[in-house]
Each structure stands twice: as C-alpha cells, then as structure tokens.
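Counting from 1 along the sequence shown, just add 88 to a position and that's the residue number in the working numbering.
Please note that the accuracy of each hint is not assured.
Stated by the list, open to error - As a list, the in silico SDA-like pairs of lysine to any residue whose alpha-carbon atoms are at most 25 Å apart:
no., residue 1, residue 2
1, LYS256, LYS296
2, LYS296, PHE125
3, LYS124, TYR439
4, LYS472, ALA181
5, LYS468, TRP179
6, LYS472, THR206
7, LYS115, ALA105
8, LYS468, GLY395
9, LYS115, PHE101
10, LYS472, PHE285
11, LYS115, PHE125
12, LYS115, LYS256
13, LYS256, ALA245
14, LYS296, ILE411
15, LYS196, GLN287
16, LYS472, LEU187
17, LYS256, ASN200
18, LYS124, CYS451
19, LYS468, PRO197
20, LYS472, LYS115
21, LYS296, ASP326
22, LYS472, SER265
23, LYS124, PHE158
24, LYS472, LYS296
25, LYS296, PRO197
26, LYS468, THR421
27, LYS124, ILE411
28, LYS256, GLY238
29, LYS472, VAL185
30, LYS472, TRP172
31, LYS472, VAL346
32, LYS115, PRO422
33, LYS296, THR206
34, LYS124, ALA155
35, LYS124, PHE440
36, LYS196, ILE411
37, LYS115, HIS266
38, LYS468, ILE183
39, LYS472, GLU106
If you are wondering where the hints come from, they were derived from the structure by calculation, not from laboratory data.
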Amino acid sequence: MVSIDAYRGTVMFLLLAEALRLAAVAKALPESGLWKFLAYHQSHVEWVGCALHDMIQPSFSFLVGVALPFSIAARTARGQSRLWMTLHAFWRALILVALGIFLRSMGKPQTNYTFEDTLTQIGLGYGFLFLLGLAPTPARWIALAVILVGYWAAFAAYPLPGPDFDWKAAGVAADWSHHLSGFAAHWNKNTNAAWAFDQWFLNLFPRKEPFLHNSGGYATLSFIPTLGTMILGLIAGDVLRSARSGVGKVLWLVVAGVVALAAGWALGEFGICPVVKRIWTPSWVLFSGGICLIALGLYYGIVDGAGCRTWAFPLAVVGANSIAAYCMEWFVTPFATTALLRHLGSTPFRYFGPEYEPFVIGCGVVAIEWLVLFWMYRRKLFLKI
Numbered sequence: 089m090v091s092i093d094a095y096r097g098t099v100m101f102l103l104l105a106e107a108l109r110l111a112a113v114a115k116a117l118p119e120s121g122l123w124k125f126l127a128y129h130q131s132h133v134e135w136v137g138c139a140l141h142d143m144i145q146p147s148f149s150f151l152v153g154v155a156l157p158f159s160i161a162a163r164t165a166r167g168q169s170r171l172w173m174t175l176h177a178f179w180r181a182l183i184l185v186a187l188g189i190f191l192r193s194m195g196k197p198q199t200n201y202t203f204e205d206t207l208t209q210i211g212l213g214y215g216f217l218f219l220l221g222l223a224p225t226p227a228r229w230i231a232l233a234v235i236l237v238g239y240w241a242a243f244a245a246y247p248l249p250g251p252d253f254d255w256k257a258a259g260v261a262a263d264w265s266h267h268l269s270g271f272a273a274h275w276n277k278n279t280n281a282a283w284a285f286d287q288w289f290l291n292l293f294p295r296k297e298p299f300l301h302n303s304g305g306y307a308t309l310s311f312i313p314t315l316g317t318m319i320l321g322l323i324a325g326d327v328l329r330s331a332r333s334g335v336g337k338v339l340w341l342v343v344a345g346v347v348a349l350a351a352g353w354a355l356g357e358f359g360i361c362p363v364v365k366r367i368w369t370p371s372w373v374l375f376s377g378g379i380c381l382i383a384l385g386l387y388y389g390i391v392d393g394a395g396c397r398t399w400a401f402p403l404a405v406v407g408a409n410s411i412a413a414y415c416m417e418w419f420v421t422p423f424a425t426t427a428l429l430r431h432l433g434s435t436p437f438r439y440f441g442p443e444y445e446p447f448v449i450g451c452g453v454v455a456i457e458w459l460v461l462f463w464m465y466r467r468k469l470f471l472k473i
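Given these sequences and hints, build the entire structure.
Next up, the structure:
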C-alpha cells in the first residue's frame, strides 16, 4: 500500500531532517518563537511528555507490525512453509540487532554492546512478533495485555531509592527537576527496574569500563513494551487487509487511536504510569500507539482511500527504502555535510545570513539523500533484511 510507504517515508524524513540542525538556528535566533518551536520538536523531551521527534521510533516500530500481515500473506502465496518463514524471521531479527550494534560502534575503540536503539529494539522483539503474526487474533490482544500489565507491575514492584542511594553512579542529580514523586517515582530516570537489569546484563559484555547507567535513561528491556507497539501495528495491519470498506478501516483506526491515546494520557495524568518514551512505559505504548493508529488511518484514507497519491510520492520514495534511509543518517549525513563545505565553502550557505547556515547546509544534505533514494527507487534497488 502506498499509504504505508508514505507514512514510513514521513518518519524517515524526520530522522534525516536532523541534518537541518534546527536547534543551532534557534540558538542563533533566541528571540524567534518559531525556530524555538521547531527546535523543540526536533529534540527528545527530557522525561515525561512527547515532542514530534519522540514519535519517530514508535512510528517505525508500529509500521514493522503493520507490514507483517502483508509479508506473511505474500510469502504464503509463494508457497513458503511456516517453518521456513519463522527461521527467516528470527534470522532477520538477528541481523537487525547486529546492524544496530554495528552502527552504534562506529567511531568507538571497541564493539559498543548496548541494545537501546531503534533497530536493536525491533530486532529483539521481531521473532516474537512474527510468531504472533501466525497466531489467532485473540492471542495478539492477550499478548499485548500481558506485556502492558506485566511491565507496569515489574516497575511498580521495584523499590524506590533509599537515603544512601548513589545518585552520582546513576548519572542523575538527586534534585533533578524532572524527577517524579509519589507512586510515579517508580519510573524515574536510572532508578528503575530496567536500569537495574542493565547494570547486570550489559556488564556481561566486554567493555572498557563497567556499565553504570545510560546518560539518556534508555534501557535494554524497553524492547518488551516496544513489542507491544509492534503488536498494535500488527493488529492495524490486519484491519487494512480485512474485508471492511475503506471508510470502515479509517473509522476503526482513528477511533481505536483516540481510545488508546486517551487511555495512555489518563494513566499518566492520574499518576498510575507516567508517559515516558525513554523507558517506553506502558502508558507510552498506548499514547504513542494511539497517535500511530490515527496517523495510519489518515494516510490510508487520503492516499489509498481517496486516491490522492501524487503528493505522497516523494515520501513513498523514502519509505520504500527505510533501512537504506536509516543507514544514510549514520553514513551519508556526515559525509555530505563535510563534502558540501569542502567543495563549495561556507559562502553559498550564508546567503540568508550566518544564522541560517546550518539549516541551508542541512537542506542540501537532505536533498542529496533524497536523490540517492530516488535513484535507487527508479532502479528498484531496495535494501531489505
């Protein structure tokens, strides 16, 4: 479906758009509310809440689930057995984990064994997602409920830090302004169950120094609720493949999205479970998943339902080659930035003023990346795992 590629392309464009360096422009123009707003939505919130940039990873994870029913149907039509498809799924999961580790190890003196980035998190859960893709629909809902309730219970049961807690070792100040109080404190940065797991698990791997904390508060175990996000996508993919009318599909996705979003917000608002993307709380699964469901409904309704596809083509070009686009953010962005400055100098990029130089350079970088993806699209060169 073009709508799926268009939605995925939007997500990957937001990732590539980091090259625009909106924060640098906002810093150079401190009086501009517009650039401050744009910069905020190209960054991650410190802890509770959501900016546009925070929706990249859940959207990408969600769309993995959406695509799975179509993939299973296509492979089944080609005569592949369930055993072969399952082996391929777990092999793909292994490659995703390995690719994530490889990319994070770039520029490091040794392999950087951490598992919190997008590809690795998807890879850790993908095999289980595939098994659910083969299972009856009720099994998916049951798995989603078990993940949300079980992960919530694990954090709720983990003890809060005592008076002798070593905040320095946790990498967060005791008086950090984003600390939560009361019951919600069970989901505070680097004092939670997932952080405790990583202090044990990540030190099983060779590293220069013992692992004490992740500076952003991210955790390996987030792959479990990330699987919940992918299950929501799996359910949505089934809806798109169903015999419902186009309007019926849009209504199902949008209504389900509103319900999920409201449920996630309510869990955070009433102190039951804060909405924190960095540790992928169950409320974040519902909140971000609701946004994903609504977005998918709108993309499907406009692009595939109403047939308005022309505007979506530039996005579909990116979305059809999402793995290549993801890798470009690591390889092409720094190379293209350096190359543009080396061969053209800084003068052309200061045409609108020195404050806008990072943005103009970034526009050039994104244009180069899109042209490469367009070239691959025209020649049907798609990087797949």
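So which of the earlier hints does this model not fit? 2, 10, 12, 14, 19, 20, 21, 22, 23, 24, 27, 28, 31 and 34
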